[in-house]
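Please build the complete structure, drawing on both the sequences and the hints.
Quick mapping for you: the protein sequence lines, in order, are chains A and B. Going by our numbering, the first residue of the first sequence is number 1, and it counts up by one from there. Going by our numbering, the first residue of the second sequence is number 1, and it counts up by one from there.
Possibly wrong hints are sitting among the right ones.
Note that identical chains are pooled: a pair holds if it fits in a single copy or bridges any two copies.
Stated by the list, open to error - Pairs of lysine to aspartate or glutamate residues, derived as EDC-like cross-links and limited to a Cα-Cα distance of at most 20 Å, are as follows:
{"#": "1", "residue 1": "K3", "residue 2": "D103"}
{"#": "2", "residue 1": "K50", "residue 2": "E61"}
{"#": "3", "residue 1": "K50", "residue 2": "E65"}
{"#": "4", "residue 1": "K38", "residue 2": "E10"}
{"#": "5", "residue 1": "K104", "residue 2": "E20"}
{"#": "6", "residue 1": "K50", "residue 2": "E93"}
{"#": "7", "residue 1": "K5", "residue 2": "E18"}
{"#": "8", "residue 1": "K50", "residue 2": "E66"}
{"#": "9", "residue 1": "K5", "residue 2": "E20"}
{"#": "10", "residue 1": "K5", "residue 2": "E66"}
{"#": "11", "residue 1": "K5", "residue 2": "D64"}
{"#": "12", "residue 1": "K3", "residue 2": "E80"}
{"#": "13", "residue 1": "K30", "residue 2": "E20"}
{"#": "14", "residue 1": "K3", "residue 2": "E61"}
Derived from the structure by calculation, the hints contain no laboratory data.
Number of protein chains: 2
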Amino acid sequence: MSKRKCVPCEGGIPPLTEKEILNYLTVVNKGWITKDNKKVVRAFNFVNFKHTMEFANRVAEIADEEGHHPVMHVSYGTVEIEIWTHAIDGLSENDFILAAKIDKLL
Amino acid sequence: MSKRKCVPCEGGIPPLTEKEILNYLTVVNKGWITKDNKKVVRAFNFVNFKHTMEFANRVAEIADEEGHHPVMHVSYGTVEIEIWTHAIDGLSENDFILAAKIDKLL
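Structure representation (structure tokens):
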């Protein structure tokens with residue numbers, strides 16, 4: 001999964017169903033959970049703000065490479081990442097490709 | 001305000017009152033608003049993710065210099081910053097010093 005590339009999504013496809021989402025969740029880290037089957041979320045903890053920001057910047061690089069940008073909630077020792085596909089107001093395969101690439105950072 | 005330094009706060013002082021907060025809000029950018037007089041929040045918009053992350057990193061540098069760390073909600077074109085003083089579960093002068101320094105980044 002982490003070797004695939006996000007493909008542009010302009011909408012026009014249906015969001016993943018609950019069953020599909022549960023399937024995709026088996027191939028990413030168990031830390032990822034869904035919010036109402038519309039987003040996937042994972043929190044990453046660090047010992048200090050320097051490590052936290054380093055991680056946020058590595059996620060940002062991946063996001064730019066993939067052309068797919070998560071929301072990051074950054075505090076002193078935590079980055080909480082939310083991923084979804086705006087164009088379809090739900091989840092697409094791209095979201096799990098991005099999640100898998102972020103998993104590989106650790 | 002932006003020339004002052006945050007001083008360590010271990011608690012033991014009362015949080016600022018509503019009246020004090022309104023006073024401090026007059027010396028920072030009008031973009032800052034309070035949440036229940038417990039936090040101050042301001043959103044900063046950018047044309048792309050590169051500029052967004054550059055700003056987040058400059059805020060992070062200031063936070064480390066001051067030893068006072070905000071929460072940053074980072075998306076493609078926005079950084080929303082929340083500042084408060086954990087030790088007193090409310091606002092202190094430090095929060096407005098940090099806000100004023102962040103204002104000067106733009």
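Each hint, compared with the structure:
For the identical chains of this complex, K3 and D103 are intra-copy neighbours only, at 12 Å inside a copy versus 41 Å across copies, given an alpha-carbon limit of 20 Å. With identical chains, the CA atoms of K50 and E61 are at most 20 Å apart both within one copy (17 Å) and between copies (9 Å). Proximity of K50 to E65 under the C-alpha cut-off of 20 Å is restricted to the inter-copy arrangement: shortest distance 12 Å between copies versus 23 Å within a copy. Only within a single protomer do K38 and E10 lie at most 20 Å apart by alpha-carbon distance; the minimum there is 17 Å, versus 40 Å between protomers.
In the homo-oligomer, the alpha carbons of K104 and E20 never lie at most 20 Å apart, since the shortest distance is 22 Å inside one protomer and 47 Å across protomers. Within a single copy, K50 and E93 get their C-alpha atoms no closer than 32 Å, and across copies no closer than 25 Å, so neither meets the 20 Å cut-off. Within a single copy, K5 and E18 get their C-alpha atoms no closer than 23 Å, and across copies no closer than 51 Å, so neither meets the 20 Å cut-off. In the homo-oligomer, the alpha carbons of K50 and E66 lie at most 20 Å apart only across protomers (14 Å), although the nearest pairing inside one protomer, at 25 Å, exceeds that limit.
Proximity of K5 and E20 under a CA criterion of 20 Å is satisfied intra-copy only: 19 Å inside one chain copy versus 52 Å between copies. Only within a single protomer do K5 and E66 lie at most 20 Å apart by alpha-carbon distance; the minimum there is 7 Å, versus 40 Å between protomers. Proximity of K5 and D64 under a CA criterion of 20 Å is satisfied intra-copy only: 12 Å inside one chain copy versus 35 Å between copies. For the identical chains of this complex, K3 and E80 are neighbours neither inside a copy (23 Å) nor across copies (32 Å), given an alpha-carbon limit of 20 Å.
In this assembly of identical chains, the alpha carbons of K30 and E20 lie at most 20 Å apart only when taken from the same copy (16 Å versus 46 Å across copies). For the identical chains of this complex, K3 and E61 are intra-copy neighbours only, at 16 Å inside a copy versus 33 Å across copies, given an alpha-carbon limit of 20 Å.
In summary, the numbered hints that this structure violates are 5, 6, 7, 12.
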